[in-house]
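S.K.: Listed here are the chains, written in short residue letters.
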Amino acid sequence: MKKKLTTVEFRGTKEQEKALIAVIDELRDTKGAMMPILQKAQGIYGYLPIEAMKIIAEHTGVSLEEIYGIASFYAQFSLNPKGKHAIAVCLGTACYVKGSKDILDRISLVLGLEAGNTSKDGKYSLEATRCIGACGLAPVMTVGNDVYGKVKKEDVDGILAKYAD
Amino acid sequence: MIRTHVLVCGGTGCTSSGSVAIREALVKEIAAKGIADEVKVVGTGCFGLCALGPIMIVYPDGTFYSMVKIEDVPEIVEEHLLKGRVVERLEYYDAKTEALIKEGKQVGLKDTNFYSKQKRVVLRNCGLINPEVIEEYIARDGYKALGKVLTEMTPETVVDTMLKSGLRGRGGAGFPTGRKWMFAAQQPAGKKYVCCNADEGDPGAFMDRSVLEGDPHAVLEAMAIAGYAIGSDQGYIYVRAEYPIAIHRLEIAIKQAREYGFLGKNIFGTDFNFDIQLRLGAGAFVCGEETALMTSIEGKRGEPRPRPPFPAVKGLFGRPTILNNVETLANVAQIILNGPEWFTAMGTEKSPGTKVFALGGKIVNTGLVEVPMGTTLREVVEEIGGGIPNGKKFKAAQTGGPSGGCLPASLIDTPIDFDSLIAAGSMMGSGGLIVMDETTCMVDIARFFLDFTVDESCGKCTPCRIGTRRLLEILDKIIAGEGTLEDIDKLEELCTFIKSASLCALGQTAPNPVLSTLRFFRDEYIAHVVDKKCPAGVCKNLMRYHINPDLCKGCSACSRVCPVGAISGEIKSPFTIDTTKCIKCGACMEKCRFNAIEKI
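Keeping their order, the protein sequence lines are chains A and B.
Per this note's numbering, the first sequence starts with residue 1, numbered consecutively.
Per this note's numbering, the second sequence starts with residue 1, numbered consecutively.
Bound-form chain A, shown alone:
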């Protein structure tokens, strides 16, 4: 998936920076620590802003290019902040043959949001994910930590309505 750097303004705090530097220091002697550092950085900021990558580069001595290369390689790393309600529809094979594409299309239509994007007001983000391993419940969609299984196209509007705030 092509990744674009975010246009959302960076709002990192001093505390977050401190936490990130603590993580880097803690993993200083671990072999191959870049992935865990990036994963923890994403945990701290909610996404991987270029500003965080710069801090990592500064404190590890690894070039920013290389760090960006790693961050953009793996699907898990998000260069964009997620919406308040992060919606994901599983497009693994089991869900796909049970019509999860139709569900994604319906959400896209209702929210006016293409998969992979965050709405301008930051309220929703929509993602088509790889298999989340809940194939027994196919088709599956998630909103934040809530999992909805055996979703029918006509259920979509009702599910979204729960997250209107």
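Since no wrong hints were added, every one of them can be taken at face value.
Mimicking DSSO-like on lysine-lysine, the simulated pairs with C-alpha atoms at most 30 Å apart in a straight line are:
(1) Lys-153(A) <-> Lys-477(B)
(2) Lys-120(A) <-> Lys-153(A)
(3) Lys-599(B) <-> Lys-150(A)
(4) Lys-40(A) <-> Lys-460(B)
(5) Lys-14(A) <-> Lys-300(B)
(6) Lys-392(B) <-> Lys-101(A)
(7) Lys-265(B) <-> Lys-31(A)
(8) Lys-553(B) <-> Lys-581(B)
(9) Lys-152(A) <-> Lys-584(B)
(10) Lys-581(B) <-> Lys-153(A)
(11) Lys-191(B) <-> Lys-31(A)
(12) Lys-553(B) <-> Lys-153(A)
(13) Lys-314(B) <-> Lys-31(A)
(14) Lys-54(A) <-> Lys-18(A)
(15) Lys-255(B) <-> Lys-31(A)
(16) Lys-153(A) <-> Lys-392(B)
(17) Lys-18(A) <-> Lys-82(A)
(18) Lys-153(A) <-> Lys-533(B)
(19) Lys-152(A) <-> Lys-581(B)
(20) Lys-540(B) <-> Lys-553(B)
(21) Lys-153(A) <-> Lys-572(B)
Ranges between beta-carbon positions, derived for each pair:
(22) Asp-531(B) <-> Ile-50(A): 44 to 54 Å
(23) Gly-122(A) <-> Ile-422(B): 45 to 55 Å
(24) Thr-439(B) <-> Leu-109(A): 16 to 26 Å
(25) Lys-599(B) <-> Glu-26(A): 50 to 60 Å
(26) Leu-5(A) <-> Asp-531(B): 40 to 50 Å
(27) Arg-307(B) <-> Ala-19(A): 39 to 49 Å
Far from chain B, by Cβ distances over 10 Å, these chain A residues were calculated:
(28) Asp-121
(29) Ala-161
(30) Tyr-163
Please keep in mind that the hints were generated in silico from the structure rather than gathered at the bench.
In this text, a Cβ means the ideal position worked out from N, Cα and C, and glycines have one as well.
Since the structure of chain A is provided, determine the placement of chain B on it from the hints.
M.R.: Below, chain B without anything else, positioned relative to chain A:
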């Protein structure tokens, strides 16, 4: 004195459908009834029947409850746990157990069609023990194999046992595990690594996840055994970050194993040291490839590199390394304890043992099954899987995910083992088995997998990076109704180039879904390009919705549900669809009570 155990599934499927809250409610209700010291609630790993979750089993009688809701908890406690009367309305039965019930027999989970054909070796503890309590694993002979290996066997005899067992890698390729271990053991002493591939990237597969969630110690024990066999003191488990429950249980398991002295220094009082670190994958399919996985553990972009040198010679951090898949490892302790002859007695001659499959798609019993190698596809789909829902016909089963192929109805009697599947143009893969019915379009499925590989191609080698994209473009053209017969030939030609020229297994196998659908469903491709029709009615450009005026009652339900206002008409006379506005979402068809809307 505990008289009854209530096992509640805590696998991903059941957790997603609310099993944690049910477990908590059970504990509370049991305490309220004052029987907390007689009835114990145990959270376990996956039982396998994910479609019917949340699942609960009550022992000693073995009553199997499915689709339990939180509201059912007081009744289960009051009736069953207190008064000993089974809550029949929640009890799961199939055709087979229903007959037995009629005969007045007490039936349990093991009597159902779903379970009776299975042979659980890898999944032996899943759904039976609490994976977060090491003592429960030990009570099931856990870490006994490690003790035996360290105190009674030499590293050479361990490797020899694995060679004799004929165990083949369950990650997909089927390479003999014993040979991998032998190559690494033969390398000069020094730092060596044992890696476990738990980066289950095949969409529609969740075997490894269920083993990690249900029986994490089995994997740790096997890694320590492997460490002893090849002379390594450090293991890494590379697990998908998308599997939070599995990660959590692995963390607990590693901690407990260290406390018991099964990991760490001087294990079992010997001079053998071994420890394990977890590394989280970050969502890259290519990292399931061994060299890419190791590059990723090293903290770099997970790109593969050419082999040789093979990892057994030069792997992680440039040192000799073995990499085994979760399911492969879950067999190891059992082979050590029961002997290689026990293992070769199961399955077929060239594919001994069992295989776990994640059954999914258009099948009644979606879930996790483990069968001896050589079981036919028909047995898995029709007997264990319970057939196709809604009276639809079986069309194909897809195995091997994006690297595999499909088996059509004519090959439903194919025995499932490594070699038979390759002969049939598919492959074992890691164990995803997706069933498709007549409403699945095979061209669309081929496109689906190509879309996946294009996305996941790491970009290092040209045949994969550009070749798969060209394949996808041709498939898009066919699906849009603009394909020609020449395109089909071009597809085939391009597939052979990509297969022979790509650097790693991802590229080499990427064309398989196209080749295999072309082999068995060429007529569907031809229907798309010549007749401009999608026989399954899936490809939206090749079909349109139409209201049959003879059946339409003019109720206006369709026009009210249409999101784009494409349907109009007067009440009580037939409505019509403006096909230029229609986005083919199908909402009207679902809404119509008179079956007046058809796809043509």
